[in-house]
Amino acid sequence: MQLSNIRFKLTRAALCAAAFSVTFITGITVTADLYLPLKNWLKLMFSHHWIGKGVLAGVVFTVIAIIFSFMPTPIDELKARTLSRSAWKLTIISCIGALVIVMFFIYEAFLKH
Amino acid sequence: MSWQFLLTFSHIIGTVLGVGGATFAEFFYLKALKDGHVDPEEGDFLKATYRVLRIGMALLILSGFGFFVLYRIGGRTELLYDPRFLAKLTLTAIIFFNALLLQIKKMPLWLGSALSFTSWYGALMLGAWRGIDASYFTILASYAGAVLMVAFVLHIIRKIYLKPIPPASS
Amino acid sequence: MSTLFKTLLAIHVIFGVVGVIACAGVWMNMLKQKLPVRFLKWSSAIGLVSFIASWVIGGYYYAIYYGKAVKPIIQKGQYPWGHSVFMEAKEHLFLFLPFLSAAMLVALLLAGEHLEAEAPLKKALTWLVGTIVVLGAIMALSGIIISGAVR
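Protein chains in written order, with my numbering: chain A, 1 to 113; chain B, 1001 to 1170; chain C, 2001 to 2151.
Looking at chain A on its own, in the form it has when it is part of the complex:
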């Protein structure tokens, strides 16, 4: 793949940062509902727990994107494979995250008590 190093690094950084953000959102959503002090802290810091989750996910995205854009680039032959693996990981993590969130709230609404 004749993709320049800078283009490769930025694309990989965006895909990996999105995967980390989605994981973070899933994790904090479930944790904050199970561990109320975390939800209260989010409310206290950001006026609403949902705003807090969004802002923190944005921070995770930015930090991870910066870290990944400084990571080494593979040889040209491996660039496409690396990017497609990152895209697949992001897709799978998003599907699992969505499923976890939906199942968690079904459990909270109907099965918890």
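What the hints contain is simulated information worked out from the structure, not anything from laboratory work.
C-beta atoms are modelled at their ideal positions from N, C-alpha and C, and glycine is treated no differently.
Part of the chain A face toward chain C, derived, beta carbon under 7 Å:
| hint | residue |
| --- | --- |
| 1 | 18 |
| 2 | 29 |
| 3 | 83 |
| 4 | 101 |
| 5 | 105 |
| 6 | 109 |
Since the structure of chain A is provided, determine the placement of chains B and C on it from the hints.
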């Protein structure tokens, strides 16, 4: 001009483009297959028809969600659980996924065209038939029956229309 | 509901639906053999901008108005699961969409011209945009279910 009028107007235009597009797509496709292959001019006609279909679908979806907003802010939220509304939403989803599966050739053509044809006419019928008193599942069961019937009719039409012409005896 | 919140709700829905339609356009065109790269980039950018706009406007409506005025009505009504399942899941899944569509846009902007030659990468990105569309459609349908429960 009220929002209700604007939305109804766009909804009708979207449905007309969709129903017309689905009809012409079938017609052009049949005509193109008559001589065994789709030549560039016929291909252009088909592309234009599919574009019209997509515009119709976008208009239908946008105006449909416009109605949703209108019902919500107008306090008529009971209409959102109306079987007719939910059935129309289902048909719209079927139209979209059918188009997608046809694009990647994962949908057999006989079923794809029957689904597209029946879904568009079904959406038109649900829009026009205001007093319909049927549950969501009754509507969908009737729709499934209609798909099979349309597939059968289209099959017969194709068989008759595409029958090879016997060579003229000298 | 005041005119401000009615307007915010309407704009939130419109941007959300435009975002899903734009991403659906990307999805349909990613399935073609010859990719219209310029269209893919623009459509993907419209998707991202729409999702962010819908996110911010919907977020304001949700944080300021929904919790105080709408949630109690749903919880006391005939369909309390409209909030406890659909709204709870929707508000959190909605957070996924801007990040997913940002990643999609960056990939198309920087590697779009190479996708035709790199079938595995094209396939992976097609699945990614498909996930965005399906999640977006679930958001839109959840919105209808939640609104229908307000009575």
